[in-house]
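The two chains are supplied separately, each in an independent frame; assemble them into the complex guided by the hints.
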Amino acid sequence: MPSIAKPIAVHPSLHRNALGLTLRDYEGAMSTLCAGCGHDSITAAIIKALWELSIQPHMIAKMSGIGCSSKTPTYFVNGAHGFNSAHGRMAAIATGANAANRELTYIGISGDGDSLSIGLGHMCHAIRRNVKMLYVIENNGVYGLTKGQFSASADVGSRSKRGEPNRMAPIDPVMLALSIGATFVARSFSGDKEQLVPILKAAIAHRGFALVDVISPCVTFNDHNGSTKSYLYTRKHMQKATEADFVPPASEILATIGDVGTTTVTMHDGSVVRFTSVPKNYDPTDRRGVYDYLQEHANTGSVATGLLYLDESVADLHEMNQTPSTALARMPYDKLVPGTAALDELMEDFR
Amino acid sequence: MKATNTGDPAYYHKVVDCQWACPAHTNVPEYIRLIAQGRYTDAYMLNRESNVFPGILGRTCDRPCEPACRRERVDGKPVAICRLKRVAADLKDDITHLLPKAPEQKNGKRVACIGAGPASLAVANDLMPLGYSVTIYEKYDKPGGLMRSNIPSFRLPESVLAEETGAILNMGVDIRYNSPVESMNGLLAEGYDAVFVGSGAPRGKDLDIPGRHDTDRIHIGIDWLESITFGHIDKIGEKVLIIGVGNTAMDCCRSSRRLGGKDIKVMARRPRGYFKASPWELEDAEEEGIDIIINHAPTRFVIENGALRGMEFERLEWDAEAKKSKVIDKVILPCDDVILAIGQENAFPWIERELGMEFDKWGMPVVNETTFQSSIPGVFFGGDAAFGPKNIIWAVAHGHAAAISIHNHCQGVPVTERPPDGMNLVTQKMGMSEWSYHNDYNPSPRQKMKHVDLKKRFEQLNIEVEMGFNAEQTAREVQRCLNCDVETEFTPKLCIECDACIDICPMLCLTIARDGEESEIRQRLSAPAVNPDQALYASEPLPQTGRLMLKDEDLCVHCGLCAERCPTSAWDMQKFELLISYAGREACTSSYVPA
Numbered sequence: 001m002p003s004i005a006k007p008i009a010v011h012p013s014l015h016r017n018a019l020g021l022t023l024r025d026y027e028g029a030m031s032t033l034c035a036g037c038g039h040d041s042i043t044a045a046i047i048k049a050l051w052e053l054s055i056q057p058h059m060i061a062k063m064s065g066i067g068c069s070s071k072t073p074t075y076f077v078n079g080a081h082g083f084n085s086a087h088g089r090m091a092a093i094a095t096g097a098n099a100a101n102r103e104l105t106y107i108g109i110s111g112d113g114d115s116l117s118i119g120l121g122h123m124c125h126a127i128r129r130n131v132k133m134l135y136v137i138e139n140n141g142v143y144g145l146t147k148g149q150f151s152a153s154a155d156v157g158s159r160s161k162r163g164e165p166n167r168m169a170p171i172d173p174v175m176l177a178l179s180i181g182a183t184f185v186a187r188s189f190s191g192d193k194e195q196l197v198p199i200l201k202a203a204i205a206h207r208g209f210a211l212v213d214v215i216s217p218c219v220t221f222n223d224h225n226g227s228t229k230s231y232l233y234t235r236k237h238m239q240k241a242t243e244a245d246f247v248p249p250a251s252e253i254l255a256t257i258g259d260v261g262t263t264t265v266t267m268h269d270g271s272v273v274r275f276t277s278v279p280k281n282y283d284p285t286d287r288r289g290v291y292d293y294l295q296e297h298a299n300t301g302s303v304a305t306g307l308l309y310l311d312e313s314v315a316d317l318h319e320m321n322q323t324p325s326t327a328l329a330r331m332p333y334d335k336l337v338p339g340t341a342a343l344d345e346l347m348e349d350f351r
Numbered sequence: 001m002k003a004t005n006t007g008d009p010a011y012y013h014k015v016v017d018c019q020w021a022c023p024a025h026t027n028v029p030e031y032i033r034l035i036a037q038g039r040y041t042d043a044y045m046l047n048r049e050s051n052v053f054p055g056i057l058g059r060t061c062d063r064p065c066e067p068a069c070r071r072e073r074v075d076g077k078p079v080a081i082c083r084l085k086r087v088a089a090d091l092k093d094d095i096t097h098l099l100p101k102a103p104e105q106k107n108g109k110r111v112a113c114i115g116a117g118p119a120s121l122a123v124a125n126d127l128m129p130l131g132y133s134v135t136i137y138e139k140y141d142k143p144g145g146l147m148r149s150n151i152p153s154f155r156l157p158e159s160v161l162a163e164e165t166g167a168i169l170n171m172g173v174d175i176r177y178n179s180p181v182e183s184m185n186g187l188l189a190e191g192y193d194a195v196f197v198g199s200g201a202p203r204g205k206d207l208d209i210p211g212r213h214d215t216d217r218i219h220i221g222i223d224w225l226e227s228i229t230f231g232h233i234d235k236i237g238e239k240v241l242i243i244g245v246g247n248t249a250m251d252c253c254r255s256s257r258r259l260g261g262k263d264i265k266v267m268a269r270r271p272r273g274y275f276k277a278s279p280w281e282l283e284d285a286e287e288e289g290i291d292i293i294i295n296h297a298p299t300r301f302v303i304e305n306g307a308l309r310g311m312e313f314e315r316l317e318w319d320a321e322a323k324k325s326k327v328i329d330k331v332i333l334p335c336d337d338v339i340l341a342i343g344q345e346n347a348f349p350w351i352e353r354e355l356g357m358e359f360d361k362w363g364m365p366v367v368n369e370t371t372f373q374s375s376i377p378g379v380f381f382g383g384d385a386a387f388g389p390k391n392i393i394w395a396v397a398h399g400h401a402a403a404i405s406i407h408n409h410c411q412g413v414p415v416t417e418r419p420p421d422g423m424n425l426v427t428q429k430m431g432m433s434e435w436s437y438h439n440d441y442n443p444s445p446r447q448k449m450k451h452v453d454l455k456k457r458f459e460q461l462n463i464e465v466e467m468g469f470n471a472e473q474t475a476r477e478v479q480r481c482l483n484c485d486v487e488t489e490f491t492p493k494l495c496i497e498c499d500a501c502i503d504i505c506p507m508l509c510l511t512i513a514r515d516g517e518e519s520e521i522r523q524r525l526s527a528p529a530v531n532p533d534q535a536l537y538a539s540e541p542l543p544q545t546g547r548l549m550l551k552d553e554d555l556c557v558h559c560g561l562c563a564e565r566c567p568t569s570a571w572d573m574q575k576f577e578l579l580i581s582y583a584g585r586e587a588c589t590s591s592y593v594p595a
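As they're listed, the protein sequences go chains A and B. Position 301, counted from 1, in the first sequence is what the working numbering calls 301; the numbers after and before it change by one each time, with no gaps. Position 334, counted from 1, in the second sequence is what the working numbering calls 334; the numbers after and before it change by one each time, with no gaps.
Hints are computed from structural coordinates only; laboratory data are not their basis. Any given hint might turn out to be false.
Claimed, not checked - With a cut-off of at most 20 Å between alpha-carbon atoms, the simulated EDC-like pairs for lysine to aspartate or glutamate come out as follows: (1) 6/A to 434/B; (2) 6/A to 440/B; (3) 6/A to 75/B; (4) 48/A to 286/A; (5) 448/B to 345/B; (6) 6/A to 572/B; (7) 262/B to 238/B; (8) 193/A to 515/B; (9) 448/B to 287/B.
Owing to the predicted nature of the structure, the values given are computational and were not obtained by experimental measurement.
The shape of chain B in the complex, shown without the other chains (with noise of 0.2 Å):
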């Protein structure tokens, strides 16, 4: 097979593997450590650099990072990722003036953002510095967008939303509160070198079903928590049906519990397994006595006398795979109120037809997926509101890359000239068997999130639940990451094929065999590589018999044993950084972590 290219920085970028799976690609090992080192402000730092609200992703981030974590491979569960994130942004020092600055002298450019929400500002976060003028148009008397309006108090008190939203707007921009945009026609008129459309998917999907308009205890799920936020709701029945199973869904049904609601009842169509909720934000619902029934299709809502009595479900049976049921029977469960969390979706009705703007049939714009322009040179979109409902990681990712774009288109050019990503890669090495990383490997078991108390919890609605983890959990924690990003590094010509390394290996990683198509050669190695989504290292033909050495990179541990048995130095283990490029930062020679 052909020998792998590790001066790609794809390559060794792919075995972070949190890193890889971070959209905004988080340097996870990095803080883990500086963690690890107490070095809260450093981390938080690092951290801001590339998802920008670390401290509020370290309580309500999706975490695509820990399902891909490799300690769950290894141990059977992921690094608690995200907990450790909101360790470093609840211990760092003041931060004030590590925030990026506008500078004094503007660039003469003026950029508009649509929506105050994570994706605009994400953007305002990366022009800003660059001496843009950026306007932000928001519908509320508030920033934050989604993360405000749907993301319940006792989540993410609204100190940590402030604090981070605020380090954006205080750089002076322009944001103009209770101004939802009602024209684009009339945005573009106003002259703006760009305009960047972050205004989410605010509209939440209807269950037109009979007896939906007979009443008016039925609720659109993020339209109720948005009423919700803003002090328009504080009392629901004692008798609530969800309907819808993710993550709506179980913010609906635990603000539902402290609002009045006794019997809540989450109404999920197809069985376990095949929810959309997060596997955790399940576990904290169930917490808190919520019911989950599954397998029920909703058909009618029950009203008597004009009042909502109840709501007719039939019972599904699947198949094994849950593609295809039948219906057993029906049945009639009472409620007092019910919320619809089934979906959001876009909706631009205020962006004029004729304008020409490519629309595609299910009426949303058509965006470039690399430089986020719309069919119109200089609007761009991002987040929600570009390619349907995900979540704020996503939306900080667009938001970067659309400034990337939004600096090219304005300072002439071509959006599709993307800036190269690079990587730093440092040895490791203080001496004879020493690292300048700890890599021991320590068993302990994923510390568990300690949780208000379950009757305090319910005594008012912003009590965060969430208590973080305490000094003790953090540095069990932080010693479970693998430092992935330490790379085993390997100089062909110096092997001396002794096999130490082979011998050593605690995870059976490494083979020297004769070369072969990758697939045949993925099961004659030390241990087979069934893991096709892991790449399989292969080096140059090696010098005394022209075999190959191989590693399977699914399970290394990054232990450095490897390199320590080795009496040459071909494996070293060397810190791969990614440098990513963002606007008006094409240059990334120079590390993001903090010395």
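Extracted from the complex, chain A is given alone in its bound form (with noise of 0.2 Å):
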């Protein structure tokens, strides 16, 4: 843990957005997690694109459970709500806490541990729901807090720091969110904050459930010769399937577009993604088509990145159960609870 508190000094040409705070605004308590760990990266990440988005801090929810990457909450946003939950159980609380406030901004920090092993039942039908919220897995393939086990998503072959390979197949979130109708996915680098910062603030903007998967190397545990969840494994073999560019709503598209492979996705709140395709006739709305693209390069060895696939048209859990359109804490009180009468009402139409 560093040794002081990070300076309040300020660079005097810092920024302010929208609200008129700057970056500093949106900083949480001091990391105590190791020197170099992809996930403070990802915090910075996140920082950056919820300033850029300009959301006001008491509108933001950040939902964890447990583990290295679900202590990260705790590093950004200092004006947030938060709730570090039960070990698995962050994706079935934020449903639950989405369900009664549906005017926050939902964060949820989880990680390999969290989400593809005690948490993967709840993580399946959260997106199942299509429940409005950012998802991040901070995926280093090991169990940092226990001393380095391999986890769910270590890749077969990899090797921990003392040398034994694994021998399980690993839990591809990707694919798996693929597979159960995810509506948002994709997968990033913590080492790549350009590409990664457009990523977040679009999962954020999209209308139901984002899943996004960042490789982020444990310095301690996997960060050697042999793993395949390294700074340098995964800067070696990163391939970009797409670069999305986030435009936020009611701002112009000044910007000219490649010819090659571009598609243009309108948000559920007027935003824009833009996708550059870097392989030709990548079409991130086409699910199988990307489904095939990552199982050959899953093949491969190499990791594909980007925004993979965002259907914009799928309706999200209060569209599906038609609930109503504010939060359940700005209801009227009578409103919320009607009385005796109103339930003896109800009671009538199950007779």
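Here's what the structure looks like:
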């Protein structure tokens, strides 16, 4: 842990967003993670994305479970709400929170242990329900807090720090999510903020559940030769499928787009995501094509990154269930608790 | 862009803005840390190494270090470096045993210095310990030169002056008081191995406008101050006009206030912001009820019946940059005395032109800016005598440089062979997230100097106005120093480009980016590097991606968080010490910092 808090001195050229806040206003407590942890870079990317989107800190809810990753909500947006839940239960708690208050921006932070082992079922059902939230998996292939055992996302043949290879097949959260109807699927790398920040912004603007799997090297237990989730391995094997550009609502699209495979998707809130496909003919709206592309790349050992799949047409949890349009917290008491007469009337329906 | 060579002492030296700006390159951050530890004697001695007169300069320095201080760019006010210097001088123990001493065995070389001011004293300070016999010729009966004659005693007590000049003279300098040098020819005939001219700029500029010579109530500033010092003047009229608005004018107006002046006006030709006086000297004068009148150009003295009645000025209106002016009208301001403080000049009537010394068209000797040698080998100049009026700290710097030349000259080495500066770079790492310097940023505001009560201070001419920092003020002010000498040293081959340093840096100094032209790179950093005076560090290409680690030195607060968050120790905090060469101490391999 650092010896001091981050000095309060600020750079004079620090810009302010639409709310008049600087990047520093979106910071949290000092990180207690190991120096060089990928998670801290993801934290920095989230801070940047939230600042650029000018989201009011008190309208953010930070959700997490247990693990190195799940500690990180403490390290961004001090002024936000937060819930640090039981191990693997973040998706379930976030679903409940979202059901009760649909007006907050939900930022779920999880890890490969929290999401792909103990919490796998909860995550899958949050995906199926299309709960509107950003769901980040800080994926490092090891259990860092318990000294570096393989996690469920470790590749076959990837070696532990002591040199033993992993023999069990990995769960790939991206492939899994695609197979169960996810509407926003992305993969990125903690060491590439140029790619990660626009993806996070698009994910927050997305109509439903946005899964962002971020390769986030564990410097202490999984950054050695033989690891397939080290900084060096990821850099060597990263294959960009798309370059996504997030254009907030009501801003003019000025940049010209190259002629190679370009797709534009208008988001629910009016913002626009523009894809510049790196390989020709990559279509981020074609679920089957994306699945095939990923399968192909998984076989060659390369790591496909980018905003891989996006479907803005599917209703989210609230739309599917036709819930009221305001948060329960803001509903007048007599409407929220209509009384015995209303309950009796409802019960009559079931006779 | 080209990778930065941090092995060149000049690179990190420049990062230490105060030390870089100081003509004598005083190791400011180190002595501030010593003060923080209560090691006042060590702080004083470290100061003395480079600037020779810490007690005097702690009260009177022109402080080129403070406008340069990084803290000013960070929170608007520089560290009160000068005041802290005085703290060390005021609170030190007996230092007699630590002062340099002259060896019993002399080296047989004789050096003559003209004038016992800061430049000559610095030369003696450097040469006496090497065995030289130094003779100083002084026209008055006391040492100090301009430090004594022109700086009023309410700013610089006589005891401080006596102590610090004494530390040098007591090494056995042959000081000859009341001995103005009348002829360079005569001096050279005495067979000295080298002559150093440190006679200052002793002539105050005159203002030859109508009425100038019709009264005895018009005084030349520096001569008038000198007369106060030596007790020849002890009163002045009630209405006083000071012409000019430099630091001498400030000393004149404040002295007038103490000698009976009640309505004192400092008359400036140009608007505020274009004054030569240091801002703090202006503040101190205004605190004492002095009026600063802008945009007035003197035209004539008003003399009636042989007595000075007033002075006529043109009122001016300036353009935006105060370059061009036009006259609005004329006014007459009544006065009893006028003091002219419009600059000083050198005068060398005693150097016989037939000696063949080269003079420029303004009558100044041609002096080499590095060696300080005139066109006559063995005759050196320094201080105000060399390049016109500057200040004490420049005179000291000249003295050190001239001493190297004199030493070379006497030992048969070309004066152009200057010993190089060296450097030490030592890691400050004590353990995980532990440093041997105080790395936390202290948001305290700059501490204000307390002054003697406005009534009490005028009771006597020599009551020192500034009271010095008290213990609490000192404790706060030392923590404002950003330790710019504890450098962020980077080892590219260890970097894994995890971004931890970039994410943690509070001042957005760091960027990993692809190579390019420096001017273009400066625009695409974490925060644009808009201060072209500050270096942009660039590493060798990084091992994983070939991009560069870039650091804008401008606003780094040296908190060390980059190094703390670096998993591979590619960043380290290393203390830089500039090892300055002095005469006879070329092998600068050991530290000047007391252990």
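Between the alpha carbons of residue 262/B and residue 238/B, is the straight-line distance 20 Å or under? holds (5 Å)
Has the given pair, residue 448/B with residue 287/B, been kept, meaning a C-alpha gap of at most 20 Å? Within the cut-off at roughly 14 Å; holds.
Is the Cα-Cα distance between residue 6/A and residue 75/B 20 Å or less? OK: residue 6/A and residue 75/B at ~16 Å, within 20 Å.
For residue 6/A and residue 572/B, compute the direct alpha-carbon distance and say whether it is at most 20 Å. holds (17 Å)
20 Å Cα cutoff - pair residue 6/A, residue 434/B: holds (15 Å)
Holds or violated: residue 48/A to residue 286/A, with C-alpha atoms at most 20 Å apart: Between residue 48/A and residue 286/A the Cα gap is close to 30 Å, so the pair fails against 20 Å, i.e. violated.
Run the distance test for residue 193/A versus residue 515/B: straight-line Cα separation, threshold 20 Å. holds (18 Å)
Under the criterion that the straight-line Cα-Cα distance not exceed 20 Å, is the pair residue 448/B, residue 345/B satisfied? Given pair residue 448/B, residue 345/B is violated - Cα atoms ~35 Å apart, limit 20 Å.
Mind checking the alpha carbons of residue 6/A and residue 440/B for me, to see if they're no more than 20 Å apart? With Cα atoms ~9 Å apart, residue 6/A and residue 440/B stay inside 20 Å; holds.
Checked against the numbered hints listed earlier, the structure breaks hints 4 and 5; every other hint is satisfied.
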